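Chemist: So you can see what is in the structure, the chains are spelled out below.
There are 2 protein chains.
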Amino acid sequence: MSSHRFDVLGLGNAIVDVISRTDDDFLAAQGLHKGGMMLIDETRAEALYQAMGPVTIVSGGSAANTVIGTASLGCNAAFIGKLKADEAGTAFAHDIRAAKVDFSTQFAKDGPASGRCLVLVTPDGQRTMNTFLGACQNLSEADVDEDLVKQSAIVYLEGYLWDPPAAKAALAKAAKIARAAGRSVALTLSDCFCVDRYRDEFLGLIRSGAVQILFANESELHSLYQTADFDTAAAQLRGENILGVVTRSEHGSVVITSSEVLAVPAFPVDSVVDTTGAGDLFAAGFLAGLSKNKSLETCARLGALAAAEIIQHIGARPLKDLGQLAAQNGLAI
Amino acid sequence: MSSHRFDVLGLGNAIVDVISRTDDDFLAAQGLHKGGMMLIDETRAEALYQAMGPVTIVSGGSAANTVIGTASLGCNAAFIGKLKADEAGTAFAHDIRAAKVDFSTQFAKDGPASGRCLVLVTPDGQRTMNTFLGACQNLSEADVDEDLVKQSAIVYLEGYLWDPPAAKAALAKAAKIARAAGRSVALTLSDCFCVDRYRDEFLGLIRSGAVQILFANESELHSLYQTADFDTAAAQLRGENILGVVTRSEHGSVVITSSEVLAVPAFPVDSVVDTTGAGDLFAAGFLAGLSKNKSLETCARLGALAAAEIIQHIGARPLKDLGQLAAQNGLAI
Numbered sequence: 001m002s003s004h005r006f007d008v009l010g011l012g013n014a015i016v017d018v019i020s021r022t023d024d025d026f027l028a029a030q031g032l033h034k035g036g037m038m039l040i041d042e043t044r045a046e047a048l049y050q051a052m053g054p055v056t057i058v059s060g061g062s063a064a065n066t067v068i069g070t071a072s073l074g075c076n077a078a079f080i081g082k083l084k085a086d087e088a089g090t091a092f093a094h095d096i097r098a099a100k101v102d103f104s105t106q107f108a109k110d111g112p113a114s115g116r117c118l119v120l121v122t123p124d125g126q127r128t129m130n131t132f133l134g135a136c137q138n139l140s141e142a143d144v145d146e147d148l149v150k151q152s153a154i155v156y157l158e159g160y161l162w163d164p165p166a167a168k169a170a171l172a173k174a175a176k177i178a179r180a181a182g183r184s185v186a187l188t189l190s191d192c193f194c195v196d197r198y199r200d201e202f203l204g205l206i207r208s209g210a211v212q213i214l215f216a217n218e219s220e221l222h223s224l225y226q227t228a229d230f231d232t233a234a235a236q237l238r239g240e241n242i243l244g245v246v247t248r249s250e251h252g253s254v255v256i257t258s259s260e261v262l263a264v265p266a267f268p269v270d271s272v273v274d275t276t277g278a279g280d281l282f283a284a285g286f287l288a289g290l291s292k293n294k295s296l297e298t299c300a301r302l303g304a305l306a307a308a309e310i311i312q313h314i315g316a317r318p319l320k321d322l323g324q325l326a327a328q329n330g331l332a333i
Numbered sequence: 334m335s336s337h338r339f340d341v342l343g344l345g346n347a348i349v350d351v352i353s354r355t356d357d358d359f360l361a362a363q364g365l366h367k368g369g370m371m372l373i374d375e376t377r378a379e380a381l382y383q384a385m386g387p388v389t390i391v392s393g394g395s396a397a398n399t400v401i402g403t404a405s406l407g408c409n410a411a412f413i414g415k416l417k418a419d420e421a422g423t424a425f426a427h428d429i430r431a432a433k434v435d436f437s438t439q440f441a442k443d444g445p446a447s448g449r450c451l452v453l454v455t456p457d458g459q460r461t462m463n464t465f466l467g468a469c470q471n472l473s474e475a476d477v478d479e480d481l482v483k484q485s486a487i488v489y490l491e492g493y494l495w496d497p498p499a500a501k502a503a504l505a506k507a508a509k510i511a512r513a514a515g516r517s518v519a520l521t522l523s524d525c526f527c528v529d530r531y532r533d534e535f536l537g538l539i540r541s542g543a544v545q546i547l548f549a550n551e552s553e554l555h556s557l558y559q560t561a562d563f564d565t566a567a568a569q570l571r572g573e574n575i576l577g578v579v580t581r582s583e584h585g586s587v588v589i590t591s592s593e594v595l596a597v598p599a600f601p602v603d604s605v606v607d608t609t610g611a612g613d614l615f616a617a618g619f620l621a622g623l624s625k626n627k628s629l630e631t632c633a634r635l636g637a638l639a640a641a642e643i644i645q646h647i648g649a650r651p652l653k654d655l656g657q658l659a660a661q662n663g664l665a666i
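For the record, the sequence lines run as chains A and B. Residues in the first sequence are numbered consecutively from 1, following my numbering. Residues in the second sequence are numbered consecutively from 334, following my numbering.
Just so you know, the hints here were simulated from the structure itself, not pulled from any lab data. Take the hints with a grain of salt, since some may be wrong.
Quick list of in silico lysine-lysine cross-link-like pairs, BS3-like style, CA-CA up to 27 Å [claimed, not checked]: (1) Lys442/B with Lys320/A; (2) Lys506/B with Lys320/A; (3) Lys34/A with Lys653/B; (4) Lys100/A with Lys367/B; (5) Lys442/B with Lys506/B.
All values derive from a computational prediction rather than experimental measurement.
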């Protein structure tokens, strides 16, 4: 791989998380499907917000969480995502830069407010997400800086980004530049309902060689191959001839390539407070290891460690220095 | 006491907390005095925010935290405080109402943005606060609803409220209505520097009979009586012939009246994450007990329990149902 300025560049929805604790009755009363991500419009966002309990507001966004995790692990990281210059947008920009991630996407001059995700956390630690995309819908090709993509060893695409219609051209541009420059392109499937919406496009990216690294959890993988059986889905993934990384919550992860299937255990935790960002931070640990040429097993262990940190507190951005945490656990990178 | 609609009415600065983890070096570099509350202007607030790490945003405000704590313990609670209808102000109003506190103060139509407090939390769990008062400065007599005050068994005043100049008339009005209606007036000294600024006024309120219940921590009490010796300060407080409640961090609290001095231990905690709101929630527990005619010892134990909950996570609003927590600890009210 030629020299690069950034280890990881993430492209994703720039979202502020508005988090509230709730119970199963509230989810049922609001017709919400536990553990999933639902797209909502501004009217519904306002009504749901009014019905929610007191909130904690933390910057979020799946790929943004991931690149911040890689930065905390010592990587040079960058992010592309669209905001408006309102309070939420200003806070997101502050936070990602304060986390030492390069972020220079221009604020949208008009159109909807910055995107936000109303996250409902139940006592079992599971999160149910309701996303108002807002300004994310204005991400366009013009936001993809060619030099930035060329200078990044791994370009990481968030599946959720297929939802804002105009973003597709931006993604295609980034993937094309990355491939032409000999860079790796990674994709996370984001959510099983998201896979339902874009299954053919995601499979097309994998099979055309546009994507070389795929992150999925079990339910996303099952959705991708339309099967309820893990072994069937894993066998299909193995046949794709890419680097596949499947997370299985407390059962750890499985790394799948054409030549090997490697199971790595989860990192033990005392108690699960909020699983928001578990997958994002697993990807962060894995990509950080990969960018530093660590073994696939070490990459998966780094992912497990970063995920364990994030699920022990509210919010999907790390509160500890992950680089220090990795070193304390014999995983210095 | 005649029948009442609210157990506790709080008057205070309506503030949104912007919380970031930091270290002692950052405090030193920024010239900040650990553990204190400093008033800052908008320019300084912007500069400090830019220098801070990623943030968690949670509604705060000392008296607001307290009344929310009393509501979580099962009290009927109300709050008066001034905001503007910006994102921070809207979030504050949402959160206090979602916590089942009656809040109907009108938003300021013009003037500065909603107030915010930049809170820096060091690894020892201590918080250093930097407050931009903003819209709090527009609290006025017109915001004090006479019926609301008359219908509240205890009216709780926040010492910090002496900082916005126009708020003084509002406080005086509330205290006068409460006394005329035979209600109790409680005051928290808020911060040792705040006591330095308003020592004579606070002593005047105590000695004129305007205030019958006083909350202070050790450093505030020392500041009030300008002594470094706890016993000297406690003896002075005893001579005031009011109900004095002094918190001493991990050493618990001391309840001081003309007839008794009662020491009550702190509630043990596993680890201290963020002490923001410890005093506010102690006052919540104490006032909730008092409003339900519990013994002074039970009031102090309820205070210790509520404070213990708040220091084990980020932010000064309870994440657990304090009423349930009290019942689990044999302190049902």
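Chemist: Take the hints in turn and mark each one as holding or not.
Modeler: Evaluation of the provided hints:
{"no.": "1", "hint": "Lys442/B with Lys320/A", "in the structure": "41 Å, violated"}
{"no.": "2", "hint": "Lys506/B with Lys320/A", "in the structure": "47 Å, violated"}
{"no.": "3", "hint": "Lys34/A with Lys653/B", "in the structure": "21 Å, holds"}
{"no.": "4", "hint": "Lys100/A with Lys367/B", "in the structure": "25 Å, holds"}
{"no.": "5", "hint": "Lys442/B with Lys506/B", "in the structure": "22 Å, holds"}
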